[in-house]
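Enquirer: Listed here are the chains, written in short residue letters.
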Amino acid sequence: MGNFIASMPSAIAQGLIWGIMAIGVYITFRILDIADLTVDGTVCTGAAVCAVLVVSGVNVWLALLIATLAGILAGCVTWFFHTVLGIPAILAGILTQLMLWSINLKIMSGANVAVPSRSYSVLLTQMNVPMALVFLVITAVVIIALLYLFFGTEIGCTIRATGSNGAMSRAQGINTNLTKLIGLALSNGIVALSGAVLCQYQGFADINMGRGAIVTGLASVIIGEAVIRRIGKNFAVKLAGVFVGSIIYWIVYQTVVFFKLDTDLLKMLSALLVAIFLGVPYIKKQLSGRRKGGVVNG
Amino acid sequence: MDNNVMLRLSGIVKKFNAGTVNEKVALNGLDLTLDKGDFVTVIGGNGAGKSTMLNAIAGVWRVDGGSVVLDGVDITNLPEYKRAKYLGRVFQDPMMGTAADMQIEENLALAARRGKRKTLAPGIRKAERAQYREMLAELGLGLESRLSVKVGTLSGGQRQALTLLMAAMREPKLLLLDEHTAALDPKTAATVLDITERIIKEHELTTLMITHNMRDAITHGNRLIMMHEGSIIIDVRGEEKQKLTVEDLLEMFTKASGGEFSNDRAILS
Chain A
681 MGNFIASMPS AIAQGLIWGI MAIGVYITFR ILDIADLTVD GTVCTGAAVC AVLVVSGVNV
741 WLALLIATLA GILAGCVTWF FHTVLGIPAI LAGILTQLML WSINLKIMSG ANVAVPSRSY
801 SVLLTQMNVP MALVFLVITA VVIIALLYLF FGTEIGCTIR ATGSNGAMSR AQGINTNLTK
861 LIGLALSNGI VALSGAVLCQ YQGFADINMG RGAIVTGLAS VIIGEAVIRR IGKNFAVKLA
921 GVFVGSIIYW IVYQTVVFFK LDTDLLKMLS ALLVAIFLGV PYIKKQLSGR RKGGVVNG
Chain B
52 MDNNVMLRLS GIVKKFNAGT VNEKVALNGL DLTLDKGDFV TVIGGNGAGK STMLNAIAGV
112 WRVDGGSVVL DGVDITNLPE YKRAKYLGRV FQDPMMGTAA DMQIEENLAL AARRGKRKTL
172 APGIRKAERA QYREMLAELG LGLESRLSVK VGTLSGGQRQ ALTLLMAAMR EPKLLLLDEH
232 TAALDPKTAA TVLDITERII KEHELTTLMI THNMRDAITH GNRLIMMHEG SIIIDVRGEE
292 KQKLTVEDLL EMFTKASGGE FSNDRAILS
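Sequences listed follow chains A and B, in order.
Here the first sequence stands for residues 681 to 978, numbered as in the working numbering.
Here the second sequence stands for residues 52 to 320, numbered as in the working numbering.
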């Protein structure tokens, strides 16, 4: 049991790193109302770019920045497919994701790149979890603060309006193509950042590291919303909730691993969790709609 | 160029599903000129092209022919979001005119910035709140004490009143009302129509108002047009309009549309 408790800090660290990723998912899924599947590829892109740069001697902060820019670029590609070529958002994301699979292999010149912390000066490593936690908590707070400020600005408000009601936004003079671009770029930039942080923490970048990220992210968002609901509706609280959701997700994961339960089932369970939480409100609405007859009242 | 003209639609053509068996000519070379300050009510049966005309003006899609000139400026090729600067719009569906997930004050703040360049400045400033509170108080719906409430929790009538406020905020050159009271119960519809009259008078707005209610079409505005199969078939104004009765309109429609009166009676009455 002592070992189990000792494994918790590492689970929390994983939760915070994937929480950054889940924040990216929150921006597209909850704010922009687009299910962006690009992220499954962007996690690895961020990791691959960061790992390759650090290994070739580039400053680790600069590597982090370039990795984020790579993610922004990936978001722009999905935006291009979606708005310029008129491809449905989900398919646009899948297309970019598939492209990124090849691109990620090219960036790494193979399926993985090692960034051992004893050979390179990285910002965090699982060899020193307490220090990693300090770094990650600060990162999380900075991200929440910056996004809180950004979505309160004029530009931020237009992005929220676009997600809430596209037709109204255009009627109010908002260029919804531009707001979608900003949202997708920002989201994928943050997701790539999480990948870059993750590769340093675990000491390698791997072609498979983003697989199922969208579902993990959605699960974190949903768990977070369920937990945070009673605490408040403030936007900063909601963002913090995403991190809380992600931490809970990874504690459950660690528990499954520790008790030698079948981890193969975890992705299926995550997917079912997401399906149930997204489905329940819909079913509820269907049932209440049938009772009331769906008349708009004054 | 006549300085007194606010809107000139010339030969507007809009086809849906062009080149398929479902091709429908929604606007068939439509001409319409509005003077500044005109308050025009628009009636017509289902599929007459009323909403399509408003959408053509708003630029929801490109027209297949003709031109839209607003206050002397050709806006035919301007995208929807750029025209928004000059237009105020209220839709039939109360859900359509506001962002449900945002607060009342945030919706108003978006409207206050319509057509302005968006920056990283705060999305809403303190001074604006006082102004919004005052504007909302004038509606008499009790919204002034609920500035930070999500619009999604408001009733249909409240949302339409709020959308009207937002539409009028930047002194639009043209107000487009697309059956904006049709989804409301009769009492709420009357309240929203009162607010509409007040706002139009206060801001001296040139207005196109589609309505399914012939009595409203006669009572409100200084001019009435009836559409049929993508064209304007009746256009009356001034004293002539004031003297109209619902029966007159039905008779005029029967004559002008060539006896299709029975089909459309239910829709028009």
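It is worth saying that the hints were derived from the structure and are not from the lab.
A hint or two may mislead.
Stated by the list, open to error - The calculated DSSO-like cross-link candidates involving lysine-lysine, where the alpha carbons are at most 27 Å apart (straight line), are:
{"hint": "1", "chain 1": "B", "residue 1": "Lys201", "chain 2": "A", "residue 2": "Lys965"}
{"hint": "2", "chain 1": "A", "residue 1": "Lys913", "chain 2": "B", "residue 2": "Lys177"}
{"hint": "3", "chain 1": "A", "residue 1": "Lys913", "chain 2": "A", "residue 2": "Lys965"}
{"hint": "4", "chain 1": "B", "residue 1": "Lys169", "chain 2": "B", "residue 2": "Lys136"}
{"hint": "5", "chain 1": "B", "residue 1": "Lys66", "chain 2": "B", "residue 2": "Lys169"}
{"hint": "6", "chain 1": "B", "residue 1": "Lys201", "chain 2": "A", "residue 2": "Lys964"}
{"hint": "7", "chain 1": "B", "residue 1": "Lys87", "chain 2": "B", "residue 2": "Lys75"}
{"hint": "8", "chain 1": "A", "residue 1": "Lys913", "chain 2": "B", "residue 2": "Lys201"}
{"hint": "9", "chain 1": "B", "residue 1": "Lys136", "chain 2": "B", "residue 2": "Lys201"}
{"hint": "10", "chain 1": "B", "residue 1": "Lys169", "chain 2": "A", "residue 2": "Lys913"}
{"hint": "11", "chain 1": "B", "residue 1": "Lys177", "chain 2": "B", "residue 2": "Lys238"}
Enquirer: Take the hints in turn and mark each one as holding or not.
Expert: For each hint, the structure was consulted:
At most 27 Å may separate the alpha-carbon atoms for a hinted pair to count; lysine 201 (chain B) and lysine 965 (chain A) meet this at roughly 19 Å. The straight-line distance between the Cα atoms of lysine 913 (chain A) and lysine 177 (chain B) is roughly 21 Å, inside the 27 Å bound, and the hint therefore holds. Taken as a hint, the lysine 913 (chain A) and lysine 965 (chain A) pair is honoured in the structure, with Cα atoms around 22 Å apart against an allowance of 27 Å. At most 27 Å may separate the alpha-carbon atoms for a hinted pair to count; lysine 169 (chain B) and lysine 136 (chain B) meet this at roughly 13 Å.
A threshold of 27 Å between alpha carbons decides the hint, and for lysine 66 (chain B) with lysine 169 (chain B) the separation of about 35 Å lies outside it, so the pair is violated. Annotation: proposed proximity of lysine 201 (chain B) to lysine 964 (chain A) holds, straight-line Cα distance about 21 Å (limit 27 Å). Among the hinted pairs, lysine 87 (chain B) with lysine 75 (chain B) is inconsistent with the structure: their alpha-carbon atoms are about 32 Å apart, more than 27 Å. A hinted pair counts as satisfied when its Cα atoms are at most 27 Å apart, and lysine 913 (chain A) with lysine 201 (chain B) qualifies at roughly 11 Å.
For the suggested pair lysine 136 (chain B) and lysine 201 (chain B), the alpha carbons sit about 25 Å apart, so the restraint of at most 27 Å is met. For the given pair, lysine 169 (chain B) sits about 26 Å from lysine 913 (chain A) by alpha-carbon distance, which is consistent with the 27 Å threshold. Taking the CA atoms of lysine 177 (chain B) and lysine 238 (chain B), the gap is near 35 Å; set against the 27 Å cutoff, the hint is violated.
Consistency note: the structure conflicts with the earlier hints numbered 5, 7, 11.
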